[in-house]
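Novice: Take a look at the letters that make up each chain.
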Amino acid sequence: MSYNARFRVWRGDDTDGELEDFSVEVKEGEVILDIIHRLQATQTPDLAVRWNCKAGKCGSCSAEVNGRPRLMCMTRMSTYTEDEVITVTPLRAFPVIKDLVTDVSFNYQKAREVPAFAPPAELAPGEYRMQQIDVERSQEFRKCIECFLCQDTCHVVRDHEENKESFAGPRFFIRLAELDMHPLDTKDRKREAQATHGLGMCNITKCCTEVCPEHIKITDNAIIPMKERVVDTQYDPLVWLGSKIPRRSAMAASKSLAAGDTETAEARARERLRDKPSDAAALRTLAEALRAQGRFGDASKVTRTQLEHAGRGRVARMEAASAHAWTLLCAVEDGEVELEKAEDEIATTLQLAQRLASTGTVLAGTHALHNLMHGRLAEAVEHAREAIIWDRDRSTRADDLVTLAEALAGLGESDESASAMSEALQLWPDNPRLTGVRANLEDMNVPTA
Amino acid sequence: MTEIQRHRFDVVVIGAGGAGLRAAIEARLQGKRTAIVCKSLFGKAHTVMAEGGAAAAMGNVNSKDNWQVHFRDTMRGGKFMNHWRMAELHAKEAPDRVWELETYGALFDRTKDGKISQRNFGGHEYPRLAHVGDRTGLEMIRTLQQKIVSLQQEDQREHGDAEALVKVFAETTITALLKDDATGGSGRISGAVGYTRENGTFVVFEAPAVVLATGGIGKSFKVTSNSWEYTGDGHALAMKAGATLLNMEFVQFHPTGMVWPPSVKGILVTESVRGDGGVLKNSEGKRFMFEYVPAVFRKQYAETEQEADAWYDDQANNRRPPELLPRDEVARAINSEVKAGRGSPAGGVFLDIASRLPAEAIRKKLPSMYHQFKELADVDITAEPMEVGPTCHYVMGGVEVDPDTAAATVPGLFAAGECSGGMHGSNRLGGNSLSDLLVFGRRAGLSAAEYVDALGSARPTVTDADVEDARTQAEAPFAGTGGENPYAIHADLQQMMHDLVGIIRTKDEVERALAGLEELKARAAKISVPGDKVFNPGWHLSLDLPNMLIVSECIARSALIREESRGGHTRDDYPTMSPEWRKVNLVCRPDGAGVEVTQQPLPVMPPELLSLFDREELSKYMTDDELAILPEEKA
Numbered sequence: 001m002s003y004n005a006r007f008r009v010w011r012g013d014d015t016d017g018e019l020e021d022f023s024v025e026v027k028e029g030e031v032i033l034d035i036i037h038r039l040q041a042t043q044t045p046d047l048a049v050r051w052n053c054k055a056g057k058c059g060s061c062s063a064e065v066n067g068r069p070r071l072m073c074m075t076r077m078s079t080y081t082e083d084e085v086i087t088v089t090p091l092r093a094f095p096v097i098k099d100l101v102t103d104v105s106f107n108y109q110k111a112r113e114v115p116a117f118a119p120p121a122e123l124a125p126g127e128y129r130m131q132q133i134d135v136e137r138s139q140e141f142r143k144c145i146e147c148f149l150c151q152d153t154c155h156v157v158r159d160h161e162e163n164k165e166s167f168a169g170p171r172f173f174i175r176l177a178e179l180d181m182h183p184l185d186t187k188d189r190k191r192e193a194q195a196t197h198g199l200g201m202c203n204i205t206k207c208c209t210e211v212c213p214e215h216i217k218i219t220d221n222a223i224i225p226m227k228e229r230v231v232d233t234q235y236d237p238l239v240w241l242g243s244k245i246p247r248r249s250a251m252a253a254s255k256s257l258a259a260g261d262t263e264t265a266e267a268r269a270r271e272r273l274r275d276k277p278s279d280a281a282a283l284r285t286l287a288e289a290l291r292a293q294g295r296f297g298d299a300s301k302v303t304r305t306q307l308e309h310a311g312r313g314r315v316a317r318m319e320a321a322s323a324h325a326w327t328l329l330c331a332v333e334d335g336e337v338e339l340e341k342a343e344d345e346i347a348t349t350l351q352l353a354q355r356l357a358s359t360g361t362v363l364a365g366t367h368a369l370h371n372l373m374h375g376r377l378a379e380a381v382e383h384a385r386e387a388i389i390w391d392r393d394r395s396t397r398a399d400d401l402v403t404l405a406e407a408l409a410g411l412g413e414s415d416e417s418a419s420a421m422s423e424a425l426q427l428w429p430d431n432p433r434l435t436g437v438r439a440n441l442e443d444m445n446v447p448t449a
Numbered sequence: 001m002t003e004i005q006r007h008r009f010d011v012v013v014i015g016a017g018g019a020g021l022r023a024a025i026e027a028r029l030q031g032k033r034t035a036i037v038c039k040s041l042f043g044k045a046h047t048v049m050a051e052g053g054a055a056a057a058m059g060n061v062n063s064k065d066n067w068q069v070h071f072r073d074t075m076r077g078g079k080f081m082n083h084w085r086m087a088e089l090h091a092k093e094a095p096d097r098v099w100e101l102e103t104y105g106a107l108f109d110r111t112k113d114g115k116i117s118q119r120n121f122g123g124h125e126y127p128r129l130a131h132v133g134d135r136t137g138l139e140m141i142r143t144l145q146q147k148i149v150s151l152q153q154e155d156q157r158e159h160g161d162a163e164a165l166v167k168v169f170a171e172t173t174i175t176a177l178l179k180d181d182a183t184g185g186s187g188r189i190s191g192a193v194g195y196t197r198e199n200g201t202f203v204v205f206e207a208p209a210v211v212l213a214t215g216g217i218g219k220s221f222k223v224t225s226n227s228w229e230y231t232g233d234g235h236a237l238a239m240k241a242g243a244t245l246l247n248m249e250f251v252q253f254h255p256t257g258m259v260w261p262p263s264v265k266g267i268l269v270t271e272s273v274r275g276d277g278g279v280l281k282n283s284e285g286k287r288f289m290f291e292y293v294p295a296v297f298r299k300q301y302a303e304t305e306q307e308a309d310a311w312y313d314d315q316a317n318n319r320r321p322p323e324l325l326p327r328d329e330v331a332r333a334i335n336s337e338v339k340a341g342r343g344s345p346a347g348g349v350f351l352d353i354a355s356r357l358p359a360e361a362i363r364k365k366l367p368s369m370y371h372q373f374k375e376l377a378d379v380d381i382t383a384e385p386m387e388v389g390p391t392c393h394y395v396m397g398g399v400e401v402d403p404d405t406a407a408a409t410v411p412g413l414f415a416a417g418e419c420s421g422g423m424h425g426s427n428r429l430g431g432n433s434l435s436d437l438l439v440f441g442r443r444a445g446l447s448a449a450e451y452v453d454a455l456g457s458a459r460p461t462v463t464d465a466d467v468e469d470a471r472t473q474a475e476a477p478f479a480g481t482g483g484e485n486p487y488a489i490h491a492d493l494q495q496m497m498h499d500l501v502g503i504i505r506t507k508d509e510v511e512r513a514l515a516g517l518e519e520l521k522a523r524a525a526k527i528s529v530p531g532d533k534v535f536n537p538g539w540h541l542s543l544d545l546p547n548m549l550i551v552s553e554c555i556a557r558s559a560l561i562r563e564e565s566r567g568g569h570t571r572d573d574y575p576t577m578s579p580e581w582r583k584v585n586l587v588c589r590p591d592g593a594g595v596e597v598t599q600q601p602l603p604v605m606p607p608e609l610l611s612l613f614d615r616e617e618l619s620k621y622m623t624d625d626e627l628a629i630l631p632e633e634k635a
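First to last, the sequence lines map onto chains D and W. Mapping of the first sequence onto the numbering used here: position 438 corresponds to residue 438, and the numbering continues sequentially without gaps. Mapping of the second sequence onto the numbering used here: position 367 corresponds to residue 367, and the numbering continues sequentially without gaps.
Note that these hints are calculated values from the structure, not bench results. Since this is a predicted model, take the numbers as computed values, not measurements. Each hint should be verified, as a subset may be incorrect.
Derived list of chain D stretches under chain W, where covered just means 3 residues or more per stretch with a C-beta under 8 Å from a C-beta of chain W [claimed, not checked]:
| id | stretch |
| --- | --- |
| 1 | 52-61 |
| 2 | 105-112 |
| 3 | 407-416 |
Glycine is no exception: its CB is placed at the ideal position from the N, C-alpha and C atoms.
Kindly produce the complete structure, drawing on both the sequences and the hints.
Specialist: Now the structure itself:
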């Protein structure tokens, strides 16, 4: 069952080196690292390679196989044909120490620049209380085995040594996101990410996600949400809303206000718009205030203007498109706007937002509501569930639970529907969508008390 | 003349797994200048491989759990050969050590009321393992690593230098411990010498206290779940420095390692597969574990498949499936089936979860096992059975230490974690390793700091001659050409230990192994390696090999002497447990170029701890004389 494979392995140090050709035996079921070990044992005992667990858990044996960043222990020989020449080279983004071993100290330096977890001082050990749903998002990022393949493949530093100083790289963006999403962390990580760690230099080509052996959705679940939240905190005048503004923040902000505050907010925004009708921040505040009062039809006019004036910035446009699609859908749900009339605009807007977001998760809640409005209940359930996994703030989560409850009720899943609804009510009792939705659910015999 | 780097520290911690990092954190918290020296990159130590969890009687899932119950389970698991005081400290302190990790940023899975969730595991009476899915070890090492970084950030603010108090020397291997005998001292530790892989430079650490936290010895065996680092360095360093090793014959073979493809042979298949319903079958399709329930466990285990299957849904009214017997029992059973010719094509047995659970449930409950088999073996475990067999997993034996201070018998030397002995007796329970690392890692760091304080300014010093000796020895493999190939010697050692000192041992086989070890030692003395000292794996292996050889000799010599079968030591010619042998610790110390093993009494458990067990149970393990001190059983 064995054959001889042709290997080209990079030999050399930081000053000089070349690809050396080998013919080496390959047995059934082996991986690249086995072949490198066979070379060491039989042909070249001083061939340098880093490895530890040989089970894809420690992230030591990173290298490039035929130009692709990979863990050598998880790359099976059977993925290549027997006559293929296999080229193994060290990680390109880091200086070579010898052969396949590179100097990855850059990463340890960057690790030291991320301020440590900062729990509330008054909380004693053993008194930490967190819900599973709230720790799961950070847990995804803590799956990271620090193989640094994402750092290696990231084109911001791969061919640009000069960017290294100001750019922490995907591994540390997920570290920042992990801390940001940690239920008990007290520091502002978003501003930090942008100001100190070069988050803005990432243009979300998703190369990091593609090479991650742990299948962490680095771009979708860490970088994009961080970027969107960074934008919120940097441009949002409503600083009084607090620092932890979530991704659908424009909505979440107003939702968290008491009724009196929404009217004040509306008045303040209209005042500002008199001076400058295209003021993005004021438009956003106004739309929020109107939505919070359940005036979705009025709000959709404002979000339309907001989208027209959103400019060319990707994130700002995506934010505006997302808000507009959502608002229109709420108006349809509430009966203020007819679906047939609004559908073209909803579809186009949602498409635009999706294209700009380049992610499946950020708009999942909006897709869920869209499907629900069209009576595509199973799709609505699927999207809503996906959204809930990633919802950060109470009100967004509550909204997606409401959508889920409606869709489940339509499918005849009364018990599950009622439980989703009860959680939604608990999270946000003043949700303006509830008036209409409750009536619907009670028609379908789902208790909503 | 090779350049030699010199450093001065208060405490040098060798090893950067769970025990080493926890020790270093403690030494730094005590204000000591601390070096962490590790063979791999920072954060890659073998602790990352731990899957199940950390056992700690927090009582989050079942409030009846407490330290006494945990202590009892640990002693039973170790077949009463544990040092009682270590098992006691471990059970008492584990919850605090786990809670502490949360303050460092660890994110364990949660219960409904927001506390740390705890899972069931073999040998633990209540759900007790704090966990994160099946990657608890990774969470632990990352958390401790990040705590070190946070301490360095504090030091940066305080002293303007992140490495003012804690410095990590990654990819640095210690080859010798130094003592102050030459300068007229009393044989205290004075430092350590090693080399850095990146450039081959020698490094000398002048330090009065050294903490060994080097892990295990699995790389002496052919089939192992252990990584390349597990060459018994701490065990060997301690021996060479004149410290003693305890009960080295106890080696745990995990029953389920992968057996196919050959390149991944030994990689662990977590116990949770069986916990979630997986069953073991032989080539005839028979669920054979029912044939292998020993008398001492017969009461607790099901006798029919029907009863065993009912247990998964109703644990109160049914007995456990025999697949969930302790690790040593299951490993022996698999071994017997294979020897009887009823094994799988690749020489294991079948572990079947595919016919037991829906595909979706398997993917959800065992995500990393699903991926491991899919990616490494191209086997879809939701559709076909896995092939598994025993794999060398853990060594219970290790450096003899004082339970409270983790101090070895050489002043200034401390040991914690897998490289220390006594805590787990003859067999370790799953989940007790991660908690062991934390409890005794902290104690070792604390004691090392206290020892340094007590020394005051009267510190032992390192002489140039010591350093020169260590350097000459380390450079020896470069001296000639055309000598022995270290890779070949290593392969021969692994094969021999596998064949002759593996799961089942006999006098004759172990004696042959001892003779074989002499030959291997002679060959190892004639190793030559090409290339220079910069990141040269052949050279590195040449320096690890003597450690593996001395540890293998300890295992074989002790295995020959202990004429009984207990936990991780099974003698075919002495198949039962002997209460007389239970009272005996086997202690290894260096003897010329070899190893001398002496017998020493096992410390006696005090009455208040003995009274946690009932007399009937103790009578299975202890002699009548030992039981005489107990009060008469009340009728």
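Novice: Tell me if chain W covers the stretch 407-416 of chain D under the three-residue, 8 Å CB rule, please?
Specialist: Violated, because only 0 residues of the stretch 407-416 of chain D bring their Cβ atoms closer than 8 Å to Cβ atoms of chain W.
Novice: In terms of beta carbon proximity below 8 Å, does the stretch 52-61 of chain D have 3 or more residues touching chain W?
Specialist: holds (count 9)
Novice: Three residues or more, CB to CB closer than 8 Å: is that satisfied between the stretch 105-112 of chain D and chain W?
Specialist: Check passed, 3 qualifying residues.
When held up to the earlier numbered hints, the structure conflicts with hint 3 and nothing else.
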